[in-house]
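Asker: Each chain is listed here by its residues.
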Amino acid sequence: MRALHTAATGMMAQELNVQVISNNLANMRTTGYKRQRAEFQDLLYEHVRRVGSQTSDQGTQLPAGIELGSGVKTVGTPRLMTQGSLVQTGKDLDVAVRGEGFFKITLPDGRTAYTRDGSFELDAQGRLVTAQGNVVQTGATIPANATGLTINAQGEVSVTLAGSTASTPVGQIELAMFVNKSGLQAIGDNLFLETPASGTAQSGTPAAAGFGDLQQRTLEQANVEAVSEITDLIAAQRAYEMNSKVIGAADQMLQTSANLMR
Amino acid sequence: MENMVLVGLSRQVALRRELEIVANNIANLNTTGFKADGALFEQYLMPVARDNEFSGADARLNFVQDRASWLDLSQGAIQQTGNPLDVAVDGDGFLVVQTPRGERYTRNGALQINGTGELVTSEGYQVLGDSGPIIFQASDRDITINADGSIRVREGSSATSDASRGRLRVVNFEKSEQLQKDGASTFMVGADVQPQRAANVKVVQGAVEKSNVQGVLEMTRLIEVTRSYTEIAALLQQQSDLGSEAIDRLAEVPA
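Sequences listed follow chains A and B, in order.
Per the working numbering, numbering through the first sequence is continuous, rising by one, with the last residue being 262.
Per the working numbering, numbering through the second sequence is continuous, rising by one, with the last residue being 255.
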């Protein structure tokens, strides 16, 4: 009985849906997290009687056919790269991007990763690093005796050196932009990698040519909205239940048929 | 006497078909832009043997036959998502997508941009505008899709520029019942049906159309199907009992 398998695809799809929703909710407070959404499409159809086929020599046509669907499939879990809300933190090394653009991070193996998480720290050499210790591509080395670290909207990093009152520029934060941000591959640690689907990264300075500007002492919150996630969760759970009911019904009908023979 | 079994069987076959349709509807309860299917049954009058030699006319038999599955094209609920590339079509209209098998029509407006800047569906098929695929530049920002389907963007670094990126082609059909489902949230039509530009249709940005499957309705149909199926099975059982009892009784030879 095909209904069994059709309902099974429905249950599997909702299970995946709940998995995506739970990951979104788990990352509600993750800086720079972008929520995902499970997207579904209907599966193949069997055209038992094809609509529009001729039914007589006089040219009469079937006004409606019989189409039997075979369930649902997941096509993707794209990320919704909308802006998260910005929260003031007061920490000098917290930076948020307001608008387009990703920070460029050098991974230990030399590859470049991209992130919206701007909660940076300084390492022993005075370089700007992520919470994981990966170096942010700025070229900036902050001298040990420097004070008053400023990152302006254009991404210029400047400090006040000891014995001086003027601030000296020490580096520049660059951003990267992609044609298809949703095509980036997430590798955990709030990092993304470039893929053929995302297009190649285009670097630029913040606040120029389509790039967003930087906000110092600010962090970008996750763009997860609890209310919509919870309503989606309810819908997914109910859909799961209903699909299991269909399996039960199909099973019951099979059992009825089996009981006919005594 | 065997006819009764066959009549019952025809109903059971039809019920199984209906269950398959209900199962597919429920499986797609959360599928964006999905349109529910319904089943249509009709009676099938058995042609009877006629001959002048017969003393009386044979009673005509009624079988049930699944005639068609129909498409419920009513509007699904519109859910706000806030994603600028989500569009819902409000009214009788379909977005046009280019698939390797030709143009297909969809109500699933969860769109994306691919690596070359083209507007595509989640399957990667191009979404067509009035003049071919819609292509964005890498520096485009603030994508706005208006109610008439026209797409405007801010270009480059300028804060005021307002460039056009084409207009979504939204079509409908004179005979929408000729739409056939083609999987992957798309519909197709026969070669003789021409799509026409949809009038009185609104494109809503930042929202998607949910499936128009009504859970309650499908559950009641499910109950109806299982109960009818069991009833018919019981009927067949009685018929079979009748047969075996008749054989038993008739075979009883008085000693």
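Derived by calculation from the structure, the hints in this document are not laboratory data.
Honestly, I wouldn't trust all of these hints.
Claimed, not checked - In silico lysine to any residue, SDA-like type, Cα no more than 25 Å apart, as pairs: (1) K245/A - G183/B; (2) K104/A - A208/A; (3) K245/A - G215/B; (4) K73/A - K175/B; (5) K210/B - Y240/A; (6) K175/B - G52/A; (7) K104/A - K210/B; (8) K210/B - L80/A; (9) K245/A - G124/B; (10) K210/B - E225/A; (11) K91/A - A153/A; (12) K73/A - L128/B; (13) K104/A - T205/A; (14) K210/B - M188/B; (15) K73/A - I247/B; (16) K73/A - D142/B; (17) K73/A - T205/A; (18) K175/B - G124/B; (19) K91/A - S22/A; (20) K73/A - G124/B; (21) K104/A - T150/A; (22) K210/B - G126/A; (23) K73/A - V193/B; (24) K245/A - R221/B; (25) K91/A - G52/A; (26) K91/A - E156/A; (27) K91/A - G126/A.
Claimed, not checked - Here are some of the chain B residues that sit facing chain A, going by a computed Cβ distance under 8 Å: (28) L19; (29) A23; (30) N24; (31) G82; (32) E123; (33) S139; (34) E177; (35) L235; (36) Q239; (37) G243; (38) A246.
We put the CB at the ideal spot given by N, CA and C, even for glycine.
Asker: A separate judgement is required for each hint: does it hold in the structure or not?
Answerer: Do the hints match the structure? See the list:
no. : hint            : verdict
1   : K245/A - G183/B : 24 Å, holds
2   : K104/A - A208/A : 16 Å, holds
3   : K245/A - G215/B : 11 Å, holds
4   : K73/A - K175/B  : 29 Å, violated
5   : K210/B - Y240/A : 16 Å, holds
6   : K175/B - G52/A  : 11 Å, holds
7   : K104/A - K210/B : 37 Å, violated
8   : K210/B - L80/A  : 18 Å, holds
9   : K245/A - G124/B : 34 Å, violated
10  : K210/B - E225/A : 18 Å, holds
11  : K91/A - A153/A  : 16 Å, holds
12  : K73/A - L128/B  : 24 Å, holds
13  : K104/A - T205/A : 12 Å, holds
14  : K210/B - M188/B : 20 Å, holds
15  : K73/A - I247/B  : 53 Å, violated
16  : K73/A - D142/B  : 31 Å, violated
17  : K73/A - T205/A  : 41 Å, violated
18  : K175/B - G124/B : 28 Å, violated
19  : K91/A - S22/A   : 30 Å, violated
20  : K73/A - G124/B  : 15 Å, holds
21  : K104/A - T150/A : 19 Å, holds
22  : K210/B - G126/A : 52 Å, violated
23  : K73/A - V193/B  : 29 Å, violated
24  : K245/A - R221/B : 12 Å, holds
25  : K91/A - G52/A   : 68 Å, violated
26  : K91/A - E156/A  : 17 Å, holds
27  : K91/A - G126/A  : 16 Å, holds
28  : L19             : 5 Å, holds
29  : A23             : 4 Å, holds
30  : N24             : 3 Å, holds
31  : G82             : 6 Å, holds
32  : E123            : 6 Å, holds
33  : S139            : 4 Å, holds
34  : E177            : 6 Å, holds
35  : L235            : 11 Å, violated
36  : Q239            : 10 Å, violated
37  : G243            : 13 Å, violated
38  : A246            : 17 Å, violated
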